[in-house]
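Spelled out, the chains give:
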Amino acid sequence: MKHRPLRTFLSALLIAIPVTLVLTLTGLSKGMIEDFAGRTRGIGADIMIRPKGSTFASLGSAPIPAGVVDFVRKQSHVKVATGVLMQTLVAPISSAAGIDLKAFNEMSGGLDYVAGGPFQAPNDVIVDEFYANEKKIRVGDEIHLWNADRKWRVSGIVKPGKLNRVFLELRQLQELTGNTGMVNIIYVKVDDPANIPSVIAELKTKLVDYPIFSMEEYTSLISYDSLPMLSRFTNVVIGISIFIGFAVVCLSMYMAVLQRTREIGILKSLGASRWYVLSTILREAVLLAIVGTIFGIGMSYATKWLLQTFAPASLPPAIDPTWWPAATGIALVGAILGAVYPGLRAARMDPIEALSYE
Amino acid sequence: MSEAPIIQVQNLRKIYRVGKVDVEALRGIDLSVARGEFLSIIGPSGSGKSTLFHVVGGLTPATSGTVLVDDHDLAKMSDPERTRMRKTVVGFVFQKYNLLPTLSAADNIAIARDIAGRNAQLEPEFQKVLDLLGIAGRLKHKPFELSGGEQQRVAIARALVNHPGILLADEPTGNLDTANSEIVLSLLRDLNDRLGQTILMITHNPEAAAYGHRIVKMRDGRMDG
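Chains A and B, in that order, give the protein sequences. Mapping to the working numbering: the first sequence position 186 is 1133, numbers consecutive. Mapping to the working numbering: the second sequence position 71 is 155, numbers consecutive.
Derived by calculation from the structure, the hints in this document are not laboratory data. Because the structure is a prediction, the values reported are computed rather than measured. Every residue, glycine too, gets a C-beta built ideally from N, C-alpha and C. Do not take every clue at face value.
Take a look, some chain A residues computed to stay more than 12 Å from chain B by CB distance [to be verified]:
#1 Q1034
#2 L1092
#3 I1169
#4 G1186
Covered stretches of chain A (in silico footprint by chain B; criterion: 3 or more residues with CB under 8 Å from a CB of chain B, positions within the stretch not fixed) [as the list claims (entries may be wrong)]:
#5 1200-1214
#6 1219-1228
Cβ pair distances, simulated, as ranges [unchecked claim]:
#7 P952/A to S116/B: 49 to 59 Å
#8 S162/B to Y1288/A: 17 to 27 Å
#9 V107/B to Y1288/A: 50 to 60 Å
#10 D191/B to L1291/A: 46 to 56 Å
#11 D191/B to Y1248/A: 31 to 41 Å
#12 A204/B to A1249/A: 56 to 66 Å
#13 A204/B to G985/A: 34 to 44 Å
#14 A204/B to N1182/A: 58 to 68 Å
Put together the whole structure using the sequences plus the hints.
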């Protein structure tokens, strides 16, 4: 390998690309999940009520009448209840939250403004720092959200970590989306955490068919394994990665075997068995895979930096070292599979023909 | 030289298939080489001497006939068995040296031990051979840093490192100038005289062949006289 440094470097780099792909995807999954879970916890609620027919991961189509919020607010031990209406901006990674700012502040402890302040008019929008940085937004700017015909004036920029990155005034969002008097999530804060189970039990008897979660339970559900589409997508990427590793190593080793035909003939004349020749090729492939994996891990840090710099709001990345062994395995499987054919070809070479190869 | 021959070939035939044509390279060879003998086989191009070298070295099977090499019956051996035999029974020296270009001289020698399943560390007594070959001070160099004569001497050391019964040399001076040819041929003779190494050398050069104890001529796939 060290005698053909350019070929070795390029092969390792090509193996590193699928490794980077897998690590970036899984890191992104982890980052987005952790970011979403963190923002959900940042609301400060104890209980979440979701629309009928919804799951923990999707809101379904039927919103919740705002009257339910008033009903919940009147239950014993309920300190604060506020309804939120979510409006998709870029599915599935970006949304705007319609909030009742007073009730939301009461529950979350208040949005922490780094510039500007609360809504001053119905068409005002509050964004968090990540969103402002990604979109290069300042207080007073007018921006478009889901509708190109409507402009929203940025009234405030807040620190991230509470519910969402984009906030609109609840009533305005309800009117604009045809959801007057409707919300699609109710957050509840109780007077004492010890009362959470009893309040949930009480609400479940009174609000039949509404999925009701404690926030602890809900955030524990947000994981890689609970999102089947994510794991399926990751498996597809892993499959593609193994194929790329296979193709790269196969091509690289095939070229190497051709280049070293005479050397293989020398080894065979010295009595090298087929396994000796094959294992030499396989060892080189394994080394390429390991070097490629190290490159790939390094490159995953580079992609993390790129995402953090250019898309901090949409694609919050993370490094997930628990995937490093799997990434190494993916590179190894691809490399070993790719080395088998050239290795067998080398192992089966006729020593006399190989020695006469020019 | 009274013991059983180390090489005994009887009615050896070798037919190559070239495209759709059968080429009869060896047409009934009988040959006997005594242990400790230095035999030169001389003949023009196409006489079959290289084919004989390949068959006796176990690099290719015979089509028919008997080939006994150091008590190994090559006719009955499979390809993997002949491969195993090449590790320790025969040592090859080629016209083009055939050193691995990326390895140092020492590693070129050590790899032959590694292939034979032996410790890559050279035995202390092998130093005597290295001294005889005059390459003890050149072992750290890679082939491209060595002269042709030095490369061929490294190749001889590699061929001898596993103490083979027979050293097979195919035109060992074919790529060397006169001075280096004389050095290499004298060394082969020294190895034979001092260590009792059996040597079978193929050459088309009568002067080189004269270094052997005995000269056998080949022509058209047969022994000539």
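Using the C-beta atoms of A204/B and A1249/A, is the stated range 56 to 66 Å upheld?
violated, 41 Å
In this structure, is the beta-carbon distance linking A204/B and N1182/A contained in 58 to 68 Å?
violated, 44 Å
Using a Cβ cutoff of 8 Å, are there at least 3 residues of the segment 1219-1228 of chain A near chain B, or does the coverage claim fail?
holds (count 4)
Looking at G1186/A again, its CB stays over 12 Å from all of chain B?
holds, 36 Å
Pairwise beta carbon distance, S162/B to Y1288/A, judged against the given window 17 to 27 Å:
Once the Cβ atoms are compared, 24 Å apart, the range 17 to 27 Å for Y1288/A and S162/B holds.
CB-CB spacing for G985/A and A204/B relative to the 34 to 44 Å hint:
violated, 57 Å
Using the C-beta atoms of P952/A and S116/B, is the stated range 49 to 59 Å upheld?
With Cβ atoms ~52 Å apart, the hint holds.
Is it true that V107/B and Y1288/A lie within 50 to 60 Å of each other by Cβ?
For V107/B and Y1288/A the Cβ distance comes to about 31 Å; the hint is violated.
Reported absence of I1169/A from the contact zone with chain B (all CB gaps over 12 Å):
Given a closest Cβ separation of 54 Å, the condition holds.
Assertion that Q1034/A lies farther than 12 Å from chain B (Cβ):
holds, 65 Å
Least C-beta distance from L1092/A to chain B larger than 12 Å:
Holds, since 63 Å exceeds 12 Å.
I want to verify a distance hint. Is the separation of the beta carbons of D191/B and Y1248/A within 31 to 41 Å?
holds, 37 Å
Hint compliance for this structure: hints 9, 10, 12, 13, 14 are broken, all remaining hints hold.
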